[in-house]
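Visitor: This is what each chain is made of:
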Amino acid sequence: MKYHAGSYDIVVVGGGHAGCEASLAAARMGCKTLMLTLTLDAIAMMPCNPSIGGTGKGHLVKEIDALGGEMGKNIDKSFIQSKMLNTAKGPAVHSLRAQADKMKYQMEMKKTIENEENLDLIQGEVIDLVVEDNLVKGVMVRTGAIYYSKAVILATGVYLKSKIFIGEVNYESGPNGLFPAMFLSEKLKNLGCDLRRFKTGTPARIHADTVDYSKMTIQPGDEEIVPFSFMNDEIKKEQYDCWLTRTTGETLRIIKENLHRSAFYRGDMEGVGPRYCPSIEDKVVRFEDKPTHQLFIEPEGLDTKEMYVQGMSTSLPEEVQIQMLHSVVGLESAKLMRPAYAIEYDCINPTQLKPSLEIKHIENLFSAGQFNGTSGYEEAAAQGIMAGINAVLKIQGKEPFILDRSEAYIGVIIDDLVTKGTNEPYRMMTSRAEYRLVLRQDNSDLRLTEKSYSVGLATKERYEKVMDKKEKVEAEMERLKKATVSPDVANPFLEKIDSTLLKAGISLYELLKRPEVSYEDIKKIENKIESQLPKYVEKQCEIVIKYEGYIEKQLRQIDQFKKLENKKIPEEIDFNKIDGLRLEARQKLTDIRPLSVGQASRISGVSPADISVLLVYLEQRRRQKGGEA
Amino acid sequence: MGFAIICYNTNSILIKDYKDRGVSMFLDDTIAAIATAPGEAGIGIIRISGEKALLITNKIFRPIKGDSLSDYPARRLTYGHIINPENSEKIDEVLVVYMDAPYTYTKEDIIEINCHGGMIPVKRILELILKQGARMADAGEFTKRAFLNGRIDLAQAEAVMDLISAKTEKGFDVALDQLEGSLSKRVEKYRNEVLELLAHIEVSIDFSEEDVDEIALELLLAKSIDIEKSLSNLLETADTGKIIREGLSTVIVGKPNVGKSSLLNTLLRESRAIVTDVPGTTRDIIEEHLNIKGIPLKLIDTAGIRETEDIVEQIGVKKSKEFFNKADLIIFMLDASREITVEDMDIIQLIKDKKALVLINKVDLPVKVDVEKIKDLVGEKRIVKVSLADETGIDKIEEYLEEMVYKGEVKAKDRLMVTNVRHKNALERGLKSLQDGIQAIKNKLPMDFIEVDFKNTWDFLGEITGDTVGEDLIDHIFQNFCIGK
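Protein sequence lines, in the order shown, are assigned to chains B and Z.
Residues in the first sequence are numbered consecutively from 1, following the numbering used here.
Residues in the second sequence are numbered consecutively from 1, following the numbering used here.
Next comes chain B alone, as it looks inside the complex (with noise of 0.2 Å):
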């Protein structure tokens, strides 16, 4: 029976890695908010790979604690192992990467999301929508319970209408066992949502006392761990290996010889899977003259023995995958625990959202995660706190709160999905943003905190620490600036580093330019042993010395880009009445219905000469309404 269960200002439906960030954002924003979830027991679940970060994905997470959100955070409890990434190459690349203990992850998220005040949790399958004139008003549960809500914001992850592939089996079913959220697809359909599938897939996991550590290479985290949360200043806690092995030529040949039997292959699935997260069998096909693909060994957990083994993600039968297991150096006589398996999944074609991740045609409906055709966790959290902040300000009847592509990562993601849409999973990649080197994590919190501290959502505590940050950055350059050495004291340092002699006094601030010159360097010529700066004011100054050019060549790219994406596309503008551009020109604008000059040149079919056309038709348009020159 259907009752009237409760009214919130916000629901967020799915418990997810989208969904806790939405839930959270939209509570601590002031909102009163529901996290409607299948089962209670797998918030914030990590079906796939035990870790968080990454390149890429590493940035994202420093944004979204940069923003207020709860993954650096969470992960910074849960972490067994730590490791920054591209230490060789430079600040802007530099990516941290925790391996996470999964059910630990979990249950911190749980606690996190059951003492937020304003925040209610409750499980229940969504299968319905409530929608008067396009305008949404709530959900249903399965249950009959009613929910209304200025506001409902979907993390639905791949459970809608989800099926599993293990070679020829295939069923109904969510990731790892649950099941899978049938009835709300069509209803989204009939509002017009235009969903397709996708598919993605997970490796096998093992059991750690049956492998043959001896075999493989030890991978140990960090000496020195870096938090992920801007909040938290250090971590000390022992932490656990991962290990490297190979496949070997007798996987190859397995593989190949049961390739006919893969779901992929098979011809099952209809969903398309992400590039840069092949099967082991698509590897071995598309790749074929490689004998051997790395694989990681990797612990889920401290109170479980399941190993996740990274890089042998397949839909080929369960006893092949037991063979192929066993063909792999140290693995010969390894337990499977759980097969892999590949699953198909409904999700959103994103070109129908605003940057705002609101649906365009159903007004307070905003949607968030792989829902939106992404993949990983951190693409997921990302796209979660900015519907969260972005679902608050709507119903507070204030305007969106978007990040463009020279603001944050986070930006590149949102722009790149509404914009261009996505023909596969998509993941984040630092080359997707084009000015990657001003991205940086470390900068990360400067960036970004201000801006959501002005929304609502920053702690004044978060903000001030970060202003704090930039004052101290600034006062030490401007001092490094003044500060001069002379020969005689820097060179007997300088002689030690290989670094070209001084013959007269020079600025600390020109001495840390040299690329052979650290900060720590300065430090010793200066011999201040103890700094009174924390660590990542004295890694700032050094970034953004030591980088300057590039950073300020960056920079003026910026500008020119801020030129068309503030050249903004009033939302009265009828594409299909512009004469200049071309027919396909017209229908993508309409459909897309970019907000800036910006947004529209990335639409693809929207030509150069589209874009003067539209220029040129906005100058006159505007003209003609008598603005000024």
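Keep in mind that the hints were calculated from the coordinates and are not lab data.
Take these hints with a grain of salt, some might be off.
A short, non-exhaustive set of chain Z residues, derived as facing chain B with CB atoms under 7 Å [as the list claims (entries may be wrong)]:
id: 1; residue: TYR105
id: 2; residue: ILE205
id: 3; residue: ASP206
id: 4; residue: SER208
id: 5; residue: ASP211
id: 6; residue: GLU214
id: 7; residue: GLU218
id: 8; residue: PRO446
id: 9; residue: MET447
id: 10; residue: VAL452
Here are the simulated PhoX-like cross-link-like pairs (lysine-lysine), alpha carbons at most 25 Å apart as the crow flies [what the hints assert, rightly or not]:
id: 11; chain 1: B; residue 1: LYS625; chain 2: B; residue 2: LYS577
id: 12; chain 1: B; residue 1: LYS567; chain 2: B; residue 2: LYS360
id: 13; chain 1: B; residue 1: LYS513; chain 2: B; residue 2: LYS528
id: 14; chain 1: B; residue 1: LYS553; chain 2: Z; residue 2: LYS444
id: 15; chain 1: Z; residue 1: LYS381; chain 2: Z; residue 2: LYS368
id: 16; chain 1: B; residue 1: LYS335; chain 2: B; residue 2: LYS470
id: 17; chain 1: B; residue 1: LYS563; chain 2: B; residue 2: LYS469
id: 18; chain 1: Z; residue 1: LYS90; chain 2: Z; residue 2: LYS189
id: 19; chain 1: Z; residue 1: LYS326; chain 2: B; residue 2: LYS513
id: 20; chain 1: B; residue 1: LYS104; chain 2: B; residue 2: LYS187
id: 21; chain 1: Z; residue 1: LYS59; chain 2: Z; residue 2: LYS90
id: 22; chain 1: Z; residue 1: LYS444; chain 2: B; residue 2: LYS524
id: 23; chain 1: B; residue 1: LYS354; chain 2: B; residue 2: LYS577
id: 24; chain 1: Z; residue 1: LYS442; chain 2: B; residue 2: LYS496
id: 25; chain 1: B; residue 1: LYS111; chain 2: B; residue 2: LYS237
id: 26; chain 1: B; residue 1: LYS237; chain 2: B; residue 2: LYS305
id: 27; chain 1: B; residue 1: LYS539; chain 2: B; residue 2: LYS470
id: 28; chain 1: Z; residue 1: LYS326; chain 2: B; residue 2: LYS503
id: 29; chain 1: B; residue 1: LYS187; chain 2: B; residue 2: LYS360
id: 30; chain 1: Z; residue 1: LYS65; chain 2: Z; residue 2: LYS90
id: 31; chain 1: B; residue 1: LYS539; chain 2: B; residue 2: LYS465
id: 32; chain 1: Z; residue 1: LYS59; chain 2: B; residue 2: LYS513
id: 33; chain 1: B; residue 1: LYS237; chain 2: B; residue 2: LYS625
id: 34; chain 1: Z; residue 1: LYS432; chain 2: Z; residue 2: LYS442
id: 35; chain 1: B; residue 1: LYS577; chain 2: Z; residue 2: LYS107
id: 36; chain 1: B; residue 1: LYS465; chain 2: B; residue 2: LYS451
id: 37; chain 1: Z; residue 1: LYS432; chain 2: B; residue 2: LYS562
id: 38; chain 1: B; residue 1: LYS523; chain 2: B; residue 2: LYS481
id: 39; chain 1: B; residue 1: LYS496; chain 2: Z; residue 2: LYS444
id: 40; chain 1: B; residue 1: LYS553; chain 2: Z; residue 2: LYS432
Note that beta-carbon positions come from the ideal geometry of N, C-alpha and C, so glycine has one too.
Given the coordinates of chain B, assemble chain Z onto it according to the supplied hints.
Guide: Below, chain Z alone, put in the same frame as chain B:
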């Protein structure tokens, strides 16, 4: 990526252009103009583009048979007269072709009227057309429409603009060549090389834990320097307005087993300059650069020459003709130990009007070929008897080559010139970025900084072709590297 910047630059040019002309840009009216260069010529062409092109033409054109052009199929030349509808006066005898939208240059209906050359008939016909409701096209307006209709890329559009205003014949040729997109193609080639390096850099950043070999800095440096050279060379043509000094483009032709590869190898050995094998992204044409007696030659070797040894057979007679037309010099080889074959005769026909040197190879074997007959067939062309096996006659080839060049018989065509200020500017900036990148590698800056310069190079070169990065890079990464969990 960096698209916004590109866009902004090019668009500001366009907008300025529109403003300067002071006309509305959203016109779908019918325009007409004289398409041929002004002056005395055999034929003049008037082009009409727009919805009313056919309607207007029907008012002034009387085909020999039937009432109007509408009775004839599109895309065929129709013979008839231009008549002044007011007094039925015959203005000129013409050939008219109607091309229906959208498969035309402007993607609009186009009619071209071929009339007698000279300013008077051309002008009178144009005036008649304008009287019937067409508007005189602004300079470059056809192109602009083509461009606005998404028909051509930027480089081509601007080349056509150059074409329209080209005064000298030489300028005309260059413009034509750019029109064919050869500048675009060339720049695209370098851009692809940059893209490949970019992909390597990106993979090493985004997939650093993956099982892919990181590109060695030395290799990155070497490849960058190669591209830098190519770009400088291309830019030089802009600075001096001279030909690219890459040599006379020379094609070796002859039936299978006549010894073309041996000749190529022999010449390469004899060459006093550094031999470079320019690796292209497309592998069908290999260019060997060599220098004989101070004459730079670019020997064009198609994959066909090497594999089937028969260019005519490989690419067909029509293609061969085009190929030969592009060559500055042809070296035609005959086999002394075999009779003249049909294939030889075909080639002789093909190269009849070309600058060619005839080699009779294998004179070390019993001579079966009729040398006198060959002399008759090839006319004035120089003939050298050689044996590549014994290495005799090589000196003579070199001597003749030198003679032909210094007597001015063989000239390099001005093949590729950077004629446009915008192109020059884009190339300069592309080159500068690449040089910054090279410096960054030398300074041992981290990959992600080096990448910025390469990305900029890519972007700037993209301004010439009008292309943008977008998914290209990511596609390239996934196609070429085995990555993923």
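Visitor: The structure should be examined with respect to each hint, and the outcome stated for every one.
Guide: We went through each hint and held it up to the structure:
1. The criterion of a C-beta within 7 Å of any C-beta in chain B is not met by TYR105/Z, whose closest approach is roughly 15 Å, and the hint is violated.
2. Taking 7 Å as the C-beta cut-off, the interface hint given for ILE205/Z holds, the closest approach to chain B being about 5 Å.
3. With a cut of 7 Å, the hint placing ASP206/Z at the interface with chain B holds, because the nearest CB-to-CB distance is about 5 Å.
4. At about 5 Å, the closest approach between the beta carbon of SER208/Z and any beta carbon in chain B falls short of 7 Å, and the interface hint on this residue holds.
5. Residue-level restraint check for ASP211/Z holds (minimum Cβ-Cβ distance to chain B is 4 Å; threshold 7 Å).
6. For GLU214/Z, the suggested interface contact is broken, since its CB lies about 9 Å from the closest CB of chain B, more than 7 Å.
7. Against a cut-off of 7 Å between C-beta atoms, the interface hint on GLU218/Z is violated, since the closest Cβ of chain B lies about 16 Å away.
8. A hinted interface residue such as PRO446/Z counts as satisfied when its beta carbon comes closer than 7 Å to some beta carbon of chain B; here the least separation is about 3 Å, so the hint holds.
9. Interface hint at MET447/Z: satisfied, since its Cβ lies 5 Å from the closest Cβ of chain B, which is below the 7 Å cut-off.
10. Against a cut-off of 7 Å between C-beta atoms, the interface hint on VAL452/Z holds, since the closest Cβ of chain B lies about 6 Å away.
11. For the suggested pair LYS625/B and LYS577/B, the alpha carbons sit about 17 Å apart, so the restraint of at most 25 Å is met.
12. Restraint check: the Cα-Cα separation between LYS567/B and LYS360/B comes to about 21 Å, which is no more than 25 Å; the hinted pair holds.
13. Under the criterion of a C-alpha separation no larger than 25 Å, the hint pairing LYS513/B with LYS528/B is consistent with the structure, at around 19 Å.
14. Between LYS553/B and LYS444/Z, the direct Cα distance comes to roughly 19 Å. Compliance with the 25 Å bound is thereby established for this hinted pair.
15. Distance restraint check for LYS381/Z and LYS368/Z: the Cα-Cα separation of roughly 21 Å lies within the 25 Å cut-off, and the hinted pair is therefore satisfied.
16. The straight-line distance between the Cα atoms of LYS335/B and LYS470/B is roughly 52 Å, outside the 25 Å bound, and the hint therefore fails.
17. Our distance criterion of 25 Å between C-alpha atoms is broken by LYS563/B and LYS469/B, whose separation comes to about 30 Å.
18. The suggested pairing of LYS90/Z with LYS189/Z is violated, with an alpha-carbon distance near 52 Å, which exceeds 25 Å.
19. The hinted pair formed by LYS326/Z and LYS513/B fails the criterion: a straight-line CA distance of about 53 Å is larger than 25 Å.
20. Of the pairs offered as hints, the one joining LYS104/B and LYS187/B is violated, with about 35 Å between alpha carbons and a cut-off of 25 Å exceeded.
21. A C-alpha spacing of about 13 Å is found between LYS59/Z and LYS90/Z, which places the hinted pair at or below 25 Å, so the restraint holds.
22. Proposed proximity of LYS444/Z and LYS524/B is supported: the alpha carbons are some 23 Å apart, at most 25 Å.
23. Proximity of LYS354/B to LYS577/B is assessed by CA-CA distance (about 22 Å); at most 25 Å being required, the pair is judged to hold.
24. For a cut-off of 25 Å, the pair hint linking LYS442/Z to LYS496/B stands: about 22 Å separates their Cα positions.
25. The suggested pairing of LYS111/B with LYS237/B holds, with an alpha-carbon distance near 21 Å, which does not exceed 25 Å.
26. In summary, the hint linking LYS237/B to LYS305/B is supported, as the alpha carbons are separated by about 20 Å, within the 25 Å threshold.
27. Between LYS539/B and LYS470/B the CA atoms are separated by roughly 12 Å; this keeps the pair inside 25 Å, and the hint holds.
28. A hinted pair counts as satisfied when its Cα atoms are at most 25 Å apart, and LYS326/Z with LYS503/B does not qualify at roughly 61 Å.
29. With a C-alpha separation of about 16 Å, the suggested pair LYS187/B and LYS360/B falls inside the 25 Å cut-off, and the hint holds.
30. The hinted pair formed by LYS65/Z and LYS90/Z meets the criterion: a straight-line CA distance of about 16 Å does not exceed 25 Å.
31. Annotation: proposed proximity of LYS539/B to LYS465/B holds, straight-line Cα distance about 16 Å (limit 25 Å).
32. At most 25 Å may separate the alpha-carbon atoms for a hinted pair to count; LYS59/Z and LYS513/B exceed this at roughly 76 Å.
33. For the proposed pair LYS237/B and LYS625/B, the alpha carbon gap of about 65 Å is over 25 Å, so the pair is violated.
34. Distance check on the hinted pair: LYS432/Z and LYS442/Z sit about 15 Å apart at the alpha-carbon level, within 25 Å; holds.
35. Between the alpha carbons of LYS577/B and LYS107/Z the distance comes to roughly 19 Å, so the proposed pair stays at or under 25 Å and holds.
36. A hinted pair counts as satisfied when its Cα atoms are at most 25 Å apart, and LYS465/B with LYS451/B qualifies at roughly 14 Å.
37. Distance check on the hinted pair: LYS432/Z and LYS562/B sit about 24 Å apart at the alpha-carbon level, within 25 Å; holds.
38. Simply put, LYS523/B and LYS481/B have alpha-carbon atoms about 14 Å apart, close enough for the 25 Å limit, and the pair holds.
39. At roughly 19 Å between alpha-carbon atoms, LYS496/B and LYS444/Z fall within 25 Å of each other, so this suggested pair holds.
40. A distance of roughly 13 Å separates the Cα atoms of LYS553/B and LYS432/Z; the hinted pair therefore holds under the 25 Å criterion.
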